[in-house]
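**Q** Residues per chain, in single letters:
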Amino acid sequence: MDLLAFGKTGWGDEMALATLATLAVAVCSFSLALIIGTLGAAAKLSRLRFIRILLDCYTTVARGVPELLIIYLLFFGGSGILMFVAGMFGYKGYIEVNAFTIGVVAIALINGAYQTEVFRGAVLSVPPGQIEAALAAGMSDRLLFFRILVPQVLRLALPGLGNCWLSALKETALISVTGLVEIMRQAQVAAGSSQMPFLFYIVAACLFLFLTSFSGYGFRRAERWASRGTRSV
Amino acid sequence: MDPVFMVKIIPRILSGAWLTVLLATLSLSTGFLLAIFAALMRRSRFILLSAPIRAYVFVIRGTPLLVQLFFIYYGLGQFEIIRQSFLWLVLKSPFWCAIIALTINTTAYGSEIIRGGLESVTWGEVEAARAIGMSGFLLFKRIVFPIAIRQALPAYGNEVTLMIKATSLASTITIMEMTGIANAIMAENYRPMEAFVVAGAFYLAFNFLMTRITQWIEWQLSGHLRPTKPIAIS
Numbered sequence: 001m002d003l004l005a006f007g008k009t010g011w012g013d014e015m016a017l018a019t020l021a022t023l024a025v026a027v028c029s030f031s032l033a034l035i036i037g038t039l040g041a042a043a044k045l046s047r048l049r050f051i052r053i054l055l056d057c058y059t060t061v062a063r064g065v066p067e068l069l070i071i072y073l074l075f076f077g078g079s080g081i082l083m084f085v086a087g088m089f090g091y092k093g094y095i096e097v098n099a100f101t102i103g104v105v106a107i108a109l110i111n112g113a114y115q116t117e118v119f120r121g122a123v124l125s126v127p128p129g130q131i132e133a134a135l136a137a138g139m140s141d142r143l144l145f146f147r148i149l150v151p152q153v154l155r156l157a158l159p160g161l162g163n164c165w166l167s168a169l170k171e172t173a174l175i176s177v178t179g180l181v182e183i184m185r186q187a188q189v190a191a192g193s194s195q196m197p198f199l200f201y202i203v204a205a206c207l208f209l210f211l212t213s214f215s216g217y218g219f220r221r222a223e224r225w226a227s228r229g230t231r232s233v
Numbered sequence: 234m235d236p237v238f239m240v241k242i243i244p245r246i247l248s249g250a251w252l253t254v255l256l257a258t259l260s261l262s263t264g265f266l267l268a269i270f271a272a273l274m275r276r277s278r279f280i281l282l283s284a285p286i287r288a289y290v291f292v293i294r295g296t297p298l299l300v301q302l303f304f305i306y307y308g309l310g311q312f313e314i315i316r317q318s319f320l321w322l323v324l325k326s327p328f329w330c331a332i333i334a335l336t337i338n339t340t341a342y343g344s345e346i347i348r349g350g351l352e353s354v355t356w357g358e359v360e361a362a363r364a365i366g367m368s369g370f371l372l373f374k375r376i377v378f379p380i381a382i383r384q385a386l387p388a389y390g391n392e393v394t395l396m397i398k399a400t401s402l403a404s405t406i407t408i409m410e411m412t413g414i415a416n417a418i419m420a421e422n423y424r425p426m427e428a429f430v431v432a433g434a435f436y437l438a439f440n441f442l443m444t445r446i447t448q449w450i451e452w453q454l455s456g457h458l459r460p461t462k463p464i465a466i467s
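The listed protein sequences correspond, in order, to chains A and B. The opening residue of the first sequence carries number 1 in this note's numbering; numbering runs sequentially from there. The opening residue of the second sequence carries number 234 in this note's numbering; numbering runs sequentially from there.
These are computed hints drawn from the structure, not numbers from a lab. Any given hint could turn out to be false.
Some, not all, of what chain B presents toward chain A, calculated at C-beta under 7 Å [said to hold, decoys possible]:
hint : residue
1    : 270
2    : 307
3    : 401
Straight line, CA to CA, 20 Å or less: simulated SDA-like cross-link-like pairs of lysine to any residue [as the list claims (entries may be wrong)]:
hint : chain 1 : residue 1 : chain 2 : residue 2
4    : B       : 462       : B       : 446
5    : B       : 374       : B       : 454
6    : B       : 374       : B       : 451
7    : B       : 325       : A       : 196
8    : B       : 374       : B       : 394
9    : B       : 325       : A       : 92
10   : B       : 325       : A       : 192
11   : B       : 325       : B       : 423
12   : B       : 241       : B       : 361
13   : B       : 374       : B       : 364
14   : B       : 374       : B       : 276
15   : B       : 325       : B       : 255
16   : B       : 325       : A       : 199
17   : B       : 241       : B       : 423
18   : B       : 374       : B       : 307
19   : B       : 325       : A       : 195
20   : A       : 92        : B       : 364
21   : B       : 325       : A       : 84
22   : B       : 374       : B       : 356
23   : B       : 374       : B       : 391
24   : B       : 325       : B       : 349
Pairwise CB distance ranges (calculated) [stated by the list, open to error]:
hint : chain 1 : residue 1 : chain 2 : residue 2 : range
25   : A       : 23        : B       : 276       : 47 to 55 Å
26   : B       : 259       : A       : 137       : 53 to 61 Å
27   : B       : 311       : A       : 24        : 28 to 36 Å
The C-beta atom is built at its ideal place from N, Cα and C for all residues, glycine as well.
The shape of chain B in the complex, shown without the other chains (with noise of 0.2 Å):
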């Protein structure tokens, strides 16, 4: 390994850090959105909103994250009427494909972590405030959905990271994010140690930053739950 030529290659491999980062955080943040809805229905008494969640989780839990991206990028695009429609505007852009990917997974599991989150919420909680009056969406956005998040929280945050290494998956339909730039530069120098090992720092780095983040939430969120400091008496 040559330290010289590995400080070389770190402002090229960070030119594609952007692109990890917006591909992490858009499908992160919409997948989060969806998760919310797929596990409220997935909890509904009705069978005909439960059972496609279901389904829906069963698929894209059983079958790997690549198997899909190409799915999406290259199978949706063998129909004439699908290149003809407006949707070809969204799919034939491999970044969009990626997105809509990756937004799909993790919507399919956080899914099921919110709906465990959701199932943590003990029905004394719920019973105690319909019994002040609180009731529909009311009762879900002050009692129900803060604790559920609360619950869930952790892994949650292990989802992101599972997520922030899945966007090197968009490499391979020809993104140039960290992952597709380290294998560009391997592929001009011959040098795959040197490319790799960078790559792989920077995103141990935003690792740890996204698991500190969430860590912090964490801590803001439990504030209840911990020690009250002692007052001092003169």
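Looking at chain A on its own, in the form it has when it is part of the complex (with noise of 0.2 Å):
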């Protein structure tokens, strides 16, 4: 139990600040995930065909191919891609990226493509009714969008995006490969070095399931606020 501890002899904060780190790229990833999401969505909805074809091939990309060699391409050939793209403006330098904004960037793009497909669903699902209604009713693109559209689509996609959001936390696990120190990263070290990986990947383990369960209780309560406007069967 001394491994366990507190200060100087013990992995103890280290695990804790290890925790933040996974939470910390957790967010990020899904809150720039919500943007590719939202976004995603909407073009997944648009009248240009050009535009749904292209993000046909981005959800089925970034939903068929490993997690795994989405980070491993985006760790060993990120800053290659981006030297490329600023090649085309004239930058000429080295450029690199940090573990951290790698990790975000391929679990968001991971994560968006999700999400795409969650918005859209529920996009999808508000019944065409209502539209016609609020149409008739006189209101303009934008005050449709904000009184039917958004409060309903949060309702019906928030039981998606809550499953989103467990994936993403348990798909920060994967970024260790890239040497970024979050849980399983520093497990893997603390195993190491103590020569008791059974103890350190429990305790991954068990900060992971407190992790999953919180939130997950916390959008459990989010679904019910939600939908406190609708009649439970």
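The two chains are supplied separately, each in an independent frame; assemble them into the complex guided by the hints.
**A** So, in structure tokens, the structure goes:
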């Protein structure tokens, strides 16, 4: 138990700090994915066929290729891609991207694809009659969006978003391959130096379990709050 | 990106494909059978049967697969007792550890999917079967299970895709499947884009094939739901 103590003798404070790092990666990538998801859903429902096909390609690839592969690709190829793009604008220097940014971008790209589908499904399940009614009542597009669409889409998308959040949280463990010190990486380091892998992977599992169950509870509360205006079966 | 180099590495990446396929099929098929039992136990009236499954699903779904994999491969080997026992024959091999971790994982997710399917079987169907004298295993085999599977199939198709993607984690415990080989190629030539793009394309193709197969099974199982062909009256 000394091994888990806080301070110099144990790994307690390191693990606590790593938990914060995991949370930071998860929160940043989930927020970024929210933006990708909303824009993606809007684009997928667009009238332009070209944009729809483009978005179909994105969601198919991002959901069909292993997360680990995408992380490796961005980690080893990320600065190459950036330098290529920067080169087109005339910048010839070397660009290095840190592991945190790579992790956030990789998870956001993957999670954004899932969120695109969640939001698209939510928009499509708003009954068309309501939109017609709003138009008939003389609402402008803007008003219709904020008064009719947004409140309902948020409620309908919440369960799906909860799942996306949980998978983002669990995918952060894969970022450990880039050397970023989050729960999994810290557990590996501690297991290696103390020769107690059993203990430290159990601790890592417990920390993840704590994060997922705690935020899962939060999402259930939010769902109840969001659907307070609807009749329960 | 260099197309010539990409073509050149295809045979090498493909040499790891059989391991990917083996990992996916072995864990998915074992996991499917175990998931049926787990779902039945979870729905049992006896708390001694349902509570362990509930806890199991909670733990597995709440932790990343990578943690589970490392726990089984590195964590269990810590103890002298395990290293002395017959279990070590299995646990010392990264391949079997990966199979165990993937199977444990898919069983947890699969059991929830099948439970959802079982819950969609309506009382009327069960009552009708009982009224004509079916009970126990026959009732399950003929009525409950086919209806539940048909309901669960679309979600199970997603689980198949997730599992195929999850096999890539096996590369972290030294298994040279497609991701592992792509990583090796990257390290040798420092050409990350080519290696990972080719590997990614194969994963996509494999996933595409598997979703088509699930769709085909779905089609086969839903014949009675399709409108019948109009019979031409001459």
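**Q** Taking the hints in turn, state whether each one holds.
**A** Consistency of the hints with the structure:
Contact between residue 270 (chain B) and chain A, as hinted, is not supported at the beta carbon level, the nearest pair being about 24 Å apart and thus beyond 7 Å. Residue-level restraint check for residue 307 (chain B) holds (minimum Cβ-Cβ distance to chain A is 4 Å; threshold 7 Å). Hint status for residue 401 (chain B) relative to chain A: holds, with the closest Cβ pair at about 4 Å, below 7 Å. The straight-line distance between the Cα atoms of residue 462 (chain B) and residue 446 (chain B) is roughly 24 Å, outside the 20 Å bound, and the hint therefore fails.
Restraint check: the Cα-Cα separation between residue 374 (chain B) and residue 454 (chain B) comes to about 15 Å, which is no more than 20 Å; the hinted pair holds. Between the alpha carbons of residue 374 (chain B) and residue 451 (chain B) the distance comes to roughly 18 Å, so the proposed pair stays at or under 20 Å and holds. In summary, the hint linking residue 325 (chain B) to residue 196 (chain A) is supported, as the alpha carbons are separated by about 17 Å, within the 20 Å threshold. Simply put, residue 374 (chain B) and residue 394 (chain B) have alpha-carbon atoms about 27 Å apart, too far for the 20 Å limit, and the pair is violated.
Of the pairs offered as hints, the one joining residue 325 (chain B) and residue 92 (chain A) is violated, with about 49 Å between alpha carbons and a cut-off of 20 Å exceeded. Distance check on the hinted pair: residue 325 (chain B) and residue 192 (chain A) sit about 18 Å apart at the alpha-carbon level, within 20 Å; holds. A hinted pair counts as satisfied when its Cα atoms are at most 20 Å apart, and residue 325 (chain B) with residue 423 (chain B) does not qualify at roughly 31 Å. For the suggested pair residue 241 (chain B) and residue 361 (chain B), the alpha carbons sit about 62 Å apart, so the restraint of at most 20 Å is broken.
Using a Cα cut-off of 20 Å, the hinted pair residue 374 (chain B) and residue 364 (chain B) holds, with the two alpha carbons roughly 16 Å apart. Distance restraint check for residue 374 (chain B) and residue 276 (chain B): the Cα-Cα separation of roughly 17 Å lies within the 20 Å cut-off, and the hinted pair is therefore satisfied. Under the criterion of a C-alpha separation no larger than 20 Å, the hint pairing residue 325 (chain B) with residue 255 (chain B) is consistent with the structure, at around 19 Å. As the CA atoms of residue 325 (chain B) and residue 199 (chain A) are separated by approximately 19 Å, the hinted pair is consistent with the 20 Å bound.
The suggested pairing of residue 241 (chain B) with residue 423 (chain B) holds, with an alpha-carbon distance near 15 Å, which does not exceed 20 Å. Taken as a hint, the residue 374 (chain B) and residue 307 (chain B) pair is broken in the structure, with Cα atoms around 41 Å apart against an allowance of 20 Å. Proposed proximity of residue 325 (chain B) and residue 195 (chain A) is supported: the alpha carbons are some 17 Å apart, at most 20 Å. Between residue 92 (chain A) and residue 364 (chain B) the CA atoms are separated by roughly 80 Å; this puts the pair beyond 20 Å, and the hint is violated.
Restraint check: the Cα-Cα separation between residue 325 (chain B) and residue 84 (chain A) comes to about 44 Å, which exceeds 20 Å; the hinted pair is violated. Between residue 374 (chain B) and residue 356 (chain B), the direct Cα distance comes to roughly 16 Å. Compliance with the 20 Å bound is thereby established for this hinted pair. A threshold of 20 Å between alpha carbons decides the hint, and for residue 374 (chain B) with residue 391 (chain B) the separation of about 24 Å lies outside it, so the pair is violated. Restraint check for residue 325 (chain B) and residue 349 (chain B): not satisfied, since their Cα atoms lie roughly 36 Å apart, outside the 20 Å limit.
Checked against the given bound of 47 to 55 Å, the beta carbons of residue 23 (chain A) and residue 276 (chain B), roughly 35 Å apart, lie outside it. For residue 259 (chain B) and residue 137 (chain A), the Cβ-Cβ distance of about 59 Å falls inside the hinted range of 53 to 61 Å, so the restraint holds. A hinted range of 28 to 36 Å holds for the C-beta pair residue 311 (chain B) and residue 24 (chain A), which are about 30 Å apart.
The earlier numbered hints that this structure contradicts are 1, 4, 8, 9, 11, 12, 18, 20, 21, 23, 24 and 25.
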